[in-house]
Amino acid sequence: MAEDVPARSTVTTQEQAIEEEQKEREMERSFRAAPTLNKSPLHGLWALTNRDLVKWYKNPIQLIISLVQPVVWLGLFGLAFNIGKIFTSLPGVTPAEASVLNLGTFGTSSYFSYLAAGMLAFIILFTAAFSGMSVVWDRRFGFMNKALSTPVGRGAIVVAKISQSTVRSLIQAAIVLVIAVVLGSVGGVQMDTSYFSVLTIGGSFVLLFLMSFGLSSLFVMLALRSSDWQTQMAIINLLNLPLLFASNAMLPVAMMPSWLQSVVKYNPVSYAVDGVRQMLLGSGSASAAAAGYHVLAPLWVDFSVLAGFAAVLSALGIVLSWRLLSN
Amino acid sequence: MSQRPLVRVEGLSKNFGALKAVDGVSFEIKEGEVFGFLGPNGAGKTTTISMLTTLLKPSGGQAEIAGLDIHRHPNEVRRVVGVVPQEYTADEDLTGLQNIVLCADLYGIPRSNSKPHAMELLKLVELQDAANRKVSTYSGGMRRRLELASGLINYPKLLFLDEPTLGLDVQTRTAVWSYIKMLKEEYKMTLFLTTHYLEEADSLCDRIAIVDHGRIVKIGSPDELKASIGGDVLVVGVAEAEPDISEDIKKIPLVREVKKNGHEYRIKSEAGEESSIKVIDLIRSKGLHVTKISLTKPTLDEAYLEFTGRSIREEESNKMDAFKQRVTMMRARR
Ligand SMILES: Nc1ncnc2c1ncn2[C@@H]1O[C@H](COP(=O)(O)OP(=O)(O)OP(=O)(O)O)[C@@H](O)[C@H]1O
Ligand SMILES: [Mg+2]
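Protein chains in written order, with this note's numbering: chain A, 1401 to 1727; chain Y, 100 to 433.
Chain A on its own, in the form it takes in the complex:
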């Protein structure tokens, strides 16, 4: 009896082994059970956004190149050609009088600080402009077709492109702000940080976020049907420079010819820059106003214009994506 037991158990283990092997073979021949799918209209949004962001931070060269331009502007025009110096170098002008002149012209202590706020908008504008380019690449390299053959929402594809560009541009703007502060202290023209606080910096980035979201929507929308990067480059050049130069990003509005001044008022970039200056540099303060500086609009108007701009363009982008992404 006792001897039988091990013998029998050997048989069972052998049988078991055969059975298991068969099971294993069957496992190989049928895939695991299909899971329940996430069918929400925004599924895949994070995956698509993350894809572009991963590609971006894995390739820091791109980031560095995009920072070169604003830094050169800051160094060249903010430090080397510091326009504000005109006031201090005028004969018979005391430093106190010069600082009032600076405050009246730029709403802050120096042209460098004034330009730094403009550079935040500059980097946002340029990053947003190239958001359309990544749509063009995706069409070119077939990834867009791959995505379109899956049930991912057409809106999610567009929103992902807008979001990745917005995230990138805000990170770059933060880096530019830090660089401006460092560059100012190294270059001897202190960036005016007396108004910096969590609230003013946070508020500024909310404004920049709205600007970035709106502009990215615009450029993504213009790229949706295109698989041709030359056309896209032409569109970028056509829109970018007017948006930049017909704004208060580089020069005070008061210095512009009157026709340009009226164009500036229709440029959403101007409202973003104006709001950022009011919050970060205190250009909306009573002392600046007393020195003669005019803000473009009250802060709440800046926010309203940008919020409206972002809402209209992103809504338009999402609606159009249904039409433009199917042939």
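No wet-lab data here; the hints were simulated from the structure. Some hints could be false.
Claimed, not checked - With a cut-off of at most 20 Å between alpha-carbon atoms, the simulated PhoX-like pairs for lysine-lysine come out as follows:
#, chain 1, residue 1, chain 2, residue 2
1, Y, 214, A, 1439
2, Y, 256, A, 1439
3, Y, 233, A, 1455
Stated by the list, open to error - Calculated from the model, a selection of chain Y residues having no Cβ within reach of chain A, i.e. all distances over 10 Å:
#, residue
4, 104
5, 165
6, 166
7, 228
8, 270
9, 320
10, 349
Said to hold, decoys possible - Derived DEER-like restraints, expressed as beta-carbon distance ranges:
#, chain 1, residue 1, chain 2, residue 2, range
11, A, 1655, Y, 233, 28 to 34 Å
12, A, 1638, Y, 236, 35 to 41 Å
13, A, 1631, Y, 298, 39 to 45 Å
The C-beta atom is built at its ideal place from N, Cα and C for all residues, glycine as well.
Following the hints, complete the assembly by docking chain Y with the ligands onto the known chain A.
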């Protein structure tokens, strides 16, 4: 089990301006079947697939996949089909595994399922060792296999393969064929594949539609297509171009058709071996001299020639020549 076919296409067409890229094609695919679209470049194969996978809006006609209308339920159709496109679509900057998992995310498959499933699929196409390498380091064959794996990530009922072996070397082509056979035999999948390789259609497909200029010119199993061209082809060369003895040859039993072309007679017969001897006897009895003789059993190539009026091989070799010429020119410029 219902006998309803998995795919039903009726009068599907697509115009690009004046060009009728697809011109009213109709066919059905049964569950578990491998259905092939065989046709030359520009025949409309990719355009048909694009319409069935909801990438292109048809200009006309109806199509239903697993009971789902492609017009009315495009998203549901996308969930039940998988696509292996003609061109490479993977993201070069991501790894093979990341690419498949990203694809799964787009289908709404939870990561808990997609990650292990992606590894299974990579194993299936023997890419498990390259799973964590960037796609930019993959060879053409590896990319093709990756596309195959990522087309399977959503457990499709129907897999579209657009020229799955285009540009692959013989070894990789054989491997891809074996994956396709495995999908059919072991996973009981339904496949729609396009190709312009006759051997490929012959060895993989249960049924083939020969397409040309956007139309299906013939549809049937490989054997049916071969049989439909009507028997063996006997080509006999005669030293003397005159007299024409076509009429006499036609009288030989089992001979169906005779065409004379210079010194050559092209004879179709239901039994080539028997006829050949009788043909030779006849020619000699007329005092003429046989210079050469060849007997070909029907191949898909012959069928193709019959239905499209041109040989696919001719076109291929022309394309190859053009390609080689271009490569040579490129090298010369360096
Ligand atoms: N988007 C488009 N716009 C205009 N014409 C197109 C477009 N797509 C395809 N065509 C034309 O439609 C015809 C069919 O093209 P399709 O790509 O379906 O051919 P195919 O059978 O897949 O050929 P190949 O073997 O070369 O892949 C071709 O003449 C092609 O030029
Ligand atoms: Mg094709």
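Cross-check of the supplied hints:
For the suggested pair residue 214 of chain Y and residue 1439 of chain A, the alpha carbons sit about 19 Å apart, so the restraint of at most 20 Å is met. In summary, the hint linking residue 256 of chain Y to residue 1439 of chain A is supported, as the alpha carbons are separated by about 18 Å, within the 20 Å threshold. Only pairs whose Cα atoms come within 20 Å are accepted, and residue 233 of chain Y paired with residue 1455 of chain A is accepted, the gap being roughly 12 Å. For residue 104 of chain Y, the condition that its CB be more than 10 Å from all CB atoms of chain A holds, with the nearest at approximately 22 Å.
Distance to chain A confirms residue 165 of chain Y as a non-interface residue, since its nearest Cβ pair spans about 14 Å, more than 10 Å. For residue 166 of chain Y, the non-interface assignment is confirmed: its Cβ lies about 17 Å from the closest Cβ of chain A, beyond the 10 Å cut-off. Distance to chain A confirms residue 228 of chain Y as a non-interface residue, since its nearest Cβ pair spans about 18 Å, more than 10 Å. With 10 Å as the threshold on Cβ separation, the claim that residue 270 of chain Y sits away from chain A holds: the shortest Cβ distance comes to roughly 23 Å.
Even its closest Cβ contact with chain A, about 26 Å, leaves residue 320 of chain Y beyond 10 Å, as expected for a residue assigned away from the interface. Residue placement check: residue 349 of chain Y keeps its beta carbon more than 10 Å from all beta carbons of chain A (closest about 54 Å). Between residue 1655 of chain A and residue 233 of chain Y, the C-beta spacing of about 51 Å breaks the proposed range 28 to 34 Å. Roughly 38 Å separates the CB atoms of residue 1638 of chain A and residue 236 of chain Y, a value that falls within the hinted 35 to 41 Å.
Roughly 43 Å separates the CB atoms of residue 1631 of chain A and residue 298 of chain Y, a value that falls within the hinted 39 to 45 Å.
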